Every structure is written in structure tokens, then in C-alpha cells.
Amino acid sequence: MHEGEERAVPPGEVTRRRFLTAGMGVIGGVLGLGYLGMGLKYMFPPAPMMRTPWQEVGLVQDFTISDAKLVPMLYQGHRDGVWVLKWSDSYDHQFSGKRLAACTQPALTGKAATAERYDHTNSNQFSVYDMHCPHLHCPFASTGTGFACPCHGSLYTLDGCHTAGPAPHGLYLHSWKVEAGKLYVAGIYGFVGTHMGDQNA
Amino acid sequence: MNGIVKWFDERTGWAKGIQEYMVHPVPRLVSPLDFLGVAALFLFINQAVTGIFLAMFYVPSAASYAPHPSLSMAYESILFIMYKVPLGWVVRDLHFWGANLMVIIVVTHMLRVFYEGAYKKPREVTWWAGVGLILITLALAFTGYLLPWDQQSFWATAVGTAMFKFAPFLGHWLMTLFQGAEFTNSLTLTRFYSLHMLLLPALLVLLFAVHFTMVLKQGMSFIEEGEGAPKQKTVPFYPYTAFQMNIVVLATAAVLLFMAAEYLAPLVAPADPLNKAMYVPIPLWYFFWVYQFLKFIPYYLDPVGIIVIPGIAVLALLALPLLDRGTHREASRRKPIIAAGGLAVAALVWLTYLGFVTVPTPLPSTLEAQAHPTFSGTVEPILSGNCVSCHGPTGGNMAGQDFTTYAGVMKGGNAGKVVVPGKPDQSKLVLVLTGKVSGVPSMPLGRGALPSAWIQDVAKWVQLGAKND
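Protein chains in written order, with the working numbering: chain A, 1085 to 1285; chain B, 2 to 470.
Derived from the structure by calculation, the hints contain no laboratory data.
One should not assume that every hint holds.
[To be verified] Covered by chain B, according to a simulated footprint, are these stretches of chain A (three or more residues, beta-carbon under 8 Å): (1) 1094 to 1102; (2) 1106 to 1117; (3) 1128 to 1138; (4) 1152 to 1163; (5) 1254 to 1267.
[Claimed, not checked] Think about it this way: if two alpha-carbon atoms lie no more than 25 Å apart in a straight line, the pair counts; the simulated SDA-like pairs of lysine to any residue are: (6) Lys461/B x Pro422/B; (7) Lys166/B x Pro1132/A; (8) Lys277/B x Ala1232/A; (9) Lys461/B x Asp1146/A; (10) Lys218/B x Val39/B; (11) Lys277/B x Glu1140/A; (12) Lys277/B x Pro1132/A; (13) Lys122/B x Lys166/B; (14) Lys277/B x Leu1124/A; (15) Lys166/B x Arg1101/A.
Just so you know, these numbers come straight off a predicted model, no measurement behind them.
No residue lacks a Cβ here, since even glycine has one placed at the ideal position from N, Cα and C.
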């Protein structure tokens, strides 16, 4: 029999030729998967790069009550910004619920009139919202009485509650703390409309 | 010469194949639309050539350009290409308009093939490769758009990549993978650069090889191939049809050259991740239909609008030759298919139109005019971010102006002083920003006016005596 010609072999029988063919396929597959795995690992930011350490964004006295201000910060190591809204000059340690905002879900979610509590600590002395709209990360603007996103028309109250437009929930919340009269901000820990536990002050 | 050809042919055997291809018979009557694929090939070659040139000066870095920290290296390198490199603006314009034309041509090419039923047996593989080529063309356009790192491209990308989060299960992971973090940032730029320069062109060439080989192998599809169609008179491809093909390529080149010469590729203000000037993000014009669609649907349908519908559209295109298997190619005998395609095109055109007419007006800028603007604190940053790329040493001190120093600002340019201390309404520096100097275009050249707070700051600084403070 001539080399390179396949003799008639019953299906299922493991011939030397079939073994070699499968072997080449396996070797190619393993090499390919190896490169793919390496590439994904290489591209995915490692955990330390995804963290956002505490950073000072200004003096408490620099912020005006009820006047949202956009300040720069580094998020995951990159230039970013947060809207800081000051509610009162000091932290209310006897939190009594007087600033407990209730987000009334817009009718379009089908959950009309269900008041949802959100993380009260974030509406105590300050609220710190990420500058990106939770819908598709457009930069939204302050309207004085709330926030408006120009891209697809989502609207938010000063409390960060989502009231109109296609956004899935209220504004993203950054952790904050006040030390020695300075406001410090860290990463995003949740969004308005959820109860994420006490992470502040 | 003949000897050399013979030498190569002895070894490769190519001459016979080329010869056979060149004289193969084709129907005498052809339409210019039959050569849209060749026009697309020409445009891709244009993209490759101009892209290679652009890469010689382009710097894929969002890091600050040291002399003017408000500009990124990427943005500054685009300015350099546009205003300093000999014919740099031509190369960039050819690349920009080539990309736009390529999207138009490949989509028209597909619509034509769809209408003529040319995807039918035995050309299914050619069609699939074509669908892949369209997707790669769009991906090239999307990734290339970010590279100038201006406001428009930065925010279009921020929104475009955020859409990945709606993919099932892998959404957040995919979004982070493309952006290098949770929001668009400097890593996104280098990722897109790599995809735009290496991966996507390689994939495009690979699929093009499949597409083109199949076209050569099977010849072009003409409606006359259909069942019962009368046989047409034929002519050899070369030189008759080849000549017509070259006319189409020339016409495409003429349109491209006209656009490039007449319309400067846009470059708006440098990307600002804080968006202090409240730029309103808009997508590339060929993604306006998605943009408009997302305004119509509530958030819980976003995965449908962003992933499911486009996914179904691509699958439908791929499945088309398997679904429409009748032997008839005439549109009149494929009414349901033509109607479905027509509806889809009409919907896309309508959504695109609505998107264009409903682009929102900018929200009030968060920049506030200052009561006591200083030169070093206020005016100098505005100048270095918006003016010195032309009116500075790196920009060739256009109009004789050097705005990099206080002395330069006060000295003025070829047409005299531009600052009259205390009198903003007589200072050209202020007036050009509002477009009020006859014979001088509104500044910054080719861009929209600066935010009014900045113009007020410059005016106020002049009014307060234009001091070096």
C-alpha cells in the first residue's frame, strides 16, 4: 500500500493515522487555549488596580448646602469625578430618619409608589454620587433641583433617586468620610435604591 | 521582461490562471453597482495606506503633553498631523472620509447583493464572509473613532463600551475587559489602538481573502443565472468589464478626494473625563439608530435593544441563504424576503433620522465665570488648552501669535496687538472667541465656540487690566 493513502478502516477503530490526526488537533487546541487564557489574564485588570483608595476631595466648608458640586478624583487609578452634595454642616450621630429619602419608583418600572429606603448614611451629612449615569455612563448635569442626563433623558432627584428615563436605578454612590474638616471619597459601593449597609463615617 | 515572467511562471504556474481569469466571459450588460465590492476594496487600501502614514506620527497616549498639560499626547499628535506635518491634513482627511465612505459602500454592496438574491447557492460562503467583513468594518470605525481622544470620541466610546454590560452573564466582565476599568480611561485608548491597528485589519484581510477567492472562483452572480433567464451575449472580462470597474474605482476616488479636500475631519475639544464643559455625547452617525432606539425603551428592555435585536439581525443575515433557498433571484418573485429587508432598512433610516433631529441641546456648563480671573490661574490654561496648538511655537505661531507666554499674548501678532487692557470690546483676543471680527473666522478654528464661562473669564481678565498675575 502506498504511503499517504488511507486503507479502508472500520469506523471507531483507532489507527495510527487517526491517533496522529487527533493528536495534532489536541496540540493545536491546547496551544490556542493557552494563548487565549494568557491574553484574557493579561487584559483583565488585577484586583489592586480596581481598588479606589480614600482621597481628599476638599474641605467640608468648601461645599455649599444643597448645591451639588462636581469634583475630580481618581477612580481605579483613572481621572474621574464625583458630584458632592452637602446636606448639613455636621454628621448627625443620632440619626433620626429625618433625612431618610424615599425613592418613589417611576411608573414605568411597574413598582409605582413603592417607597424604597436607601442607605441612610449616604444622605446624612453628604451624598457623593458618581458622575456617570447608571444607564450607559454618560456624564449627567446638575439642574439645581436634581440631575439630568442629556444622552437618553434620565432624571434624578437631589437624593439620587431615578425618576424618569431609561436608567435602571438611582445614581452610583461613593463611600465618603470626614476627617479633620476634610471630605474623603473612595470607590463605588452601590447605588441609590438599594440598601447596601453602613460604609460611611 | 518576458524572460522574467517566464522564469516566475515556470516555478509558480500563476500566469495561466491570471490569463484565464482575465479573459473569462462575462455578460455584456453590467451595472456600476456590480463593482461596489471593488470600490470597498479600494477604500480599504486607502485606509491601510493612510493608516500606516498616520501611525508614524500618532501617539496612542492619554498622558499629558508636557508643554500644555491640558492636552493629551494623542490629541496633540493629531493637531501635529493636521497642522504641522506636510500634507498631514490630507492624510487624516482621506482616512476619516475613507472610513465613512467604506461604511456606506459596504452596506450598499450588501443591500445590492440582497436585492439581487446573489447570496443564493453556491455563494453562501461568500455571503457569510461578507457579513463578517461588514461587522469588522464597523468595529474598525468604532475603535478608530476613539483615537483622537477628543470629547466627541471619548464620550461616544464611554457610552458604546458601557453597552457591553447588557450582554448576558458576561456583561460586566466584557465591559471591564474592553475598557480596562469600569469606565472609559487611558487603558481603553491603548486597547482600541491595538485592536484597530493589528487584530481587526488582520481579521479583515483574512475574511477578504475568503470573500475574494470565492468571487474569483465562482464569478460574479448575475440575475441572468436564474432559472429560465435568457442567455446574454458575453464579452471577455479584460479589457471591457475591467475598464468599467476602473471607472467605478475612479469615481469612488473622486468622491473621496473631494470630501477630503473640502471638509476637514473634525477634532473637537480635548477629552475631559470630568466633562466640565458639559459636552453632550452623541454616537457616530451610523450608530444613531441604536441611540434613538434606547430612548424609546425602558431600562429593562435595554438588553433586548442592545444585545438581542442586533444579535437576531446578524443571525438573520447569516441564515438568509439557508432560509431563502428558492431558485428564483428576481426581486418580484421573492416578495416576502424583499419586504422584510425593506422594512428593516426603513426602520433603520427612520430611527437614524429621528436620532439626528432630536440631539439634545447642551446642558448648562458646570464651568462658572470667575469674579477675579488671573492670567496664570485662568487665562493661561484656557489658552494652552485651546489656542497654543496653532498660536504657539509647536503650531508655527500662526498669524504671528505666540500665546504660550504673557509677553507673547500682550505683544500680539502680524495684525497688531490683540489685547487692550481694560477694554474687552476692543480686544481681538476676546472678539474672535465670539466670532465678531470681520475677516477673521471664529476661534478656535474649525471647532465650536468655547464655553461662555471661559469667554467671560478672558473678557473679565482684560477688563481688570490684563495683568500678569
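Hint by hint, here is what the structure shows:
Only residues whose beta carbon comes within less than 8 Å of a beta carbon in chain B count, and the region 1094 to 1102 of chain A has 0; fewer than three means the coverage is violated. Using a Cβ-Cβ cut-off of 8 Å, 0 residues of the region 1106 to 1117 of chain A lie near chain B, which falls short of the minimum of three, so the contact claim is violated. Note: the region 1128 to 1138 of chain A has 4 residues with beta-carbon separation from chain B under 8 Å; the three-residue rule is met and the coverage holds. For the region 1152 to 1163 of chain A, the proposed coverage by chain B is satisfied: 7 residues have a C-beta within less than 8 Å of a C-beta in that chain, meeting the threshold of three.
Only residues whose beta carbon comes within less than 8 Å of a beta carbon in chain B count, and the region 1254 to 1267 of chain A has 0; fewer than three means the coverage is violated. Taking the CA atoms of Lys461/B and Pro422/B, the gap is near 10 Å; set against the 25 Å cutoff, the hint holds. Distance hint between Lys166/B and Pro1132/A is fulfilled; the C-alpha atoms sit about 22 Å from each other, no more than 25 Å. A distance of roughly 15 Å separates the Cα atoms of Lys277/B and Ala1232/A; the hinted pair therefore holds under the 25 Å criterion.
For the hint linking Lys461/B to Asp1146/A, the alpha-carbon distance of about 24 Å falls within 25 Å, and the restraint holds. With a CA separation close to 16 Å, the supplied pair Lys218/B and Val39/B stays within the 25 Å bound. Under the criterion of a C-alpha separation no larger than 25 Å, the hint pairing Lys277/B with Glu1140/A is consistent with the structure, at around 20 Å. With a C-alpha separation of about 29 Å, the suggested pairing of Lys277/B with Pro1132/A is violated against the 25 Å cut-off.
Distance check on the hinted pair: Lys122/B and Lys166/B sit about 38 Å apart at the alpha-carbon level, beyond 25 Å; violated. Distance check on the hinted pair: Lys277/B and Leu1124/A sit about 34 Å apart at the alpha-carbon level, beyond 25 Å; violated. Only pairs whose Cα atoms come within 25 Å are accepted, and Lys166/B paired with Arg1101/A is rejected, the gap being roughly 47 Å.
When the structure is compared with the earlier hints, violations turn up for hints 1, 2, 5, 12, 13, 14, 15 and for no others.
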